[in-house]
Amino acid sequence: MCSTLRRTGTMAGLPDNSPPGARGSEIRAVRTWLSTTLGAAALLALSGGLSGGRLAAQDYKVIVNAGNAVASLNAAQVSDYFLKRTTTWSGGQRVAPVEPQPQSATRAAFSKAVHKKDVASVKAYWQELVFSGRDTPPAVKASDDEIVAYVKANPGAIGYVSAAAETAGVKVVTVK
Amino acid sequence: MRHRTLAFGAAFISALTSFSAPAAAQELGGVQLNGFGSWAYGRTNGNPFATGREQGNYNNLEFGLAVSAAPAERARVSVQIFSHAGEFRIDYALAEWRVSDALRLRFGRIKQPHGLYTEVFDVGTIRPLATLPQSIYGSSGLVSEGVDGAGIAGGRSLGSWRVEYDVYGGNMAVETSTPFAAAPDSPDPEETEHAQDVTNLVGARVNVRLPISGWLVGASGYSGRNVAAADARHSTVGAHTEFRRGAALVRSEVARHELGTERSVNAAFLETAYRLTEHWQLAGRADHSRTRVSGTEAEMAAAMPDLGKHREFAAGVNYWFTPELVLRVSGHRVYGNRFATPDADALRTALSAARAAGTTGVNGRTTLFSVGVQASF
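Residue numbers (my numbering), protein chains in the order written: chain E, 1 to 176; chain F, 1 to 377.
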């Protein structure tokens with residue numbers, strides 16, 4: 001980036017009828033920006049390991065309504081349901097995600113394993129959608145019992161609860 | 001009006017800070033209520049810049065309230081009201097119909113989908129520093145906060161890739177400051193800041209989320225007709241990238257803007273932030289913009305190149321009480337007067353004196369110190 005600034009800086013004071021070389025140097029400046037920025041991001045990304053890492057130990061259970069035909073999902077599908085990127089089940093039913101309070105340990109474990117993000121990053125994602133008028137976050141319930149009750153009552157619901165939670169009346173889905 | 005706004009804003013901020021638990025959106029009978037607010041004190045060593053004035057500036061109070069409801073399964077209606085320095089405006093007021101996840105129809109006043117920040121222009125808790133990069137998001141005429149018109153949007157996951165798009169059209173107003181207009185022989189000597197209407201514009205943005213978790217790249221652009229410039233073509237194209245994972249955040253954009261043959265802007269910024277702990281975060285920014293003009297202002301621009309130049313280096317420390325409430329302290333060093341400019345009268349006086357003396361006239365270096373709080377729920 002610094003080299004981009006220096007290169008562009010050499011154009012300071014050019015009159016508006018700049019010589020043809022000015023456009024060439026702008027193109028070079030853009031190339032420098034692209035290579036520097038993307039290179040830095042790639043290094044950061046690789047230093048943190050590639051995505052698709054193994055799921056953390058299951059500190060949570062993903063549950064759906066007992067009438068839902070789905071038996072297993074992969075982590076990317078679950079993430080898309082909770083980020084409202086996929087809003088209908090394959091049968092056409094509207095997906096209704098529900099999750100615990102932001103400060104819950106279950107939510108932290110789920111975010112890390114499924115979204116590959118911490119809770120704060122997921123909150124930032126929702127702030128961007130809310131304040132651009134695009135969507136609102138999933139419903140939030142205060143306890144595992146309330147989440148189970150919500151999923152039991154809503155045919156399109158999907159939620160997650162702590163591994164120790166009682167889940168009678170709903171279906172526990174395997175997350176691959 | 002101003003006192004009422006200050007009182008309301010102060011109550012808003014204190015209500016946020018008084019929550020013992022992290023703030024959360026409020027839902028009332030199917031209507032979701034969210035909000036954001038910020039206050040900052042800024043002081044510079046001379047030229048006004050962003051939140052700062054030479055004598056210190058406390059009047060940087062903003063807040064917004066967003067209301068959203070889903071009257072039908074596929075429909076959503078959203079409105080956001082925003083206040084800055086006592087002025088109220090409607091940020092967006094739109095209706096959306098979801099045909100599918102890959103196709104949503106949007107009507108009304110929508111936030112302009114361009115680059116990284118246009119849709120969340122005023123939401124302080126989403127960015128690493130209190131202010132946005134002025135090169136693209138300042139009064140530079142590159143982007144707008146809202147478009148009155150219609151658009152389509154959608155996204156599709158393709159394995160571990162994800163593509164999201166927006167296409168939109170309509171009219172919008174862009175904020176443009178032109179210090180060149182203060183030139184003694186400018187044809188429009190009274191104004192250095194304008195809201196210019198851009199009509200019949202068409203624009204698009206594509207974001208690609210890469211298989212490397214947290215990495216996004218995208219491109220966006222629009223073109224329309226600038227009414228104040230005799231319907232000259234008003235266009236901006238750009239590319240952006242964001243990497244966000246764990247403690248690290250990197251954001252960068254590059255943009256090119258043209259207004260007919262009378263003005264062009266090249267702009268780029270790089271922002272980084274790193275969380276040392278759950279609460280403490282370091283942030284930094286390098287920001288660059290170069291404006292070229294033609295016509296009657298070109299001579300002044302050539303004689304005083306600092307008027308078209310902006311180069312900012314900023315560093316800050318943030319303390320996050322919760323993910324929705326942050327205290328920020330930052331220092332900014334600015335080279336050039338594109339955005340760090342005296343007010344119009346002072347600038348005009350300085351430029352006239354400079355022309356007579358054969359100097360560049362205006363102090364081209366500005367230092368800003370800023371402290372403030374930003375919150376959302």
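Hints were generated in silico from the structure; no laboratory data involved.
Among the hints, a few may not be true.
To be verified - Derived coverage of chain E by chain F (criterion: at least 3 residues anywhere in the stretch with Cβ under 8 Å from a Cβ of chain F; other residues may be distant): (1) 85 to 92; (2) 111 to 125; (3) 141 to 150.
From the three backbone atoms N, C-alpha and C, an ideal C-beta is built for every residue, glycine too.
Hint check:
1. Coverage of a stretch by a chain is defined here by at least three residues with a beta carbon nearer than 8 Å to that chain's beta carbons; for the segment 85 to 92 of chain E and chain F the count is 4, and the condition holds.
2. Look at the segment 111 to 125 of chain E against chain F: 8 of its residues bring a Cβ nearer than 8 Å to a Cβ of that chain, three or more, so the hint holds.
3. Under a criterion of three residues with beta carbons nearer than 8 Å to beta carbons of chain F, the stated coverage of the segment 141 to 150 of chain E fails, only 0 such residues being counted.
Checked against the numbered hints listed earlier, the structure breaks hint 3 alone; every other hint is satisfied.
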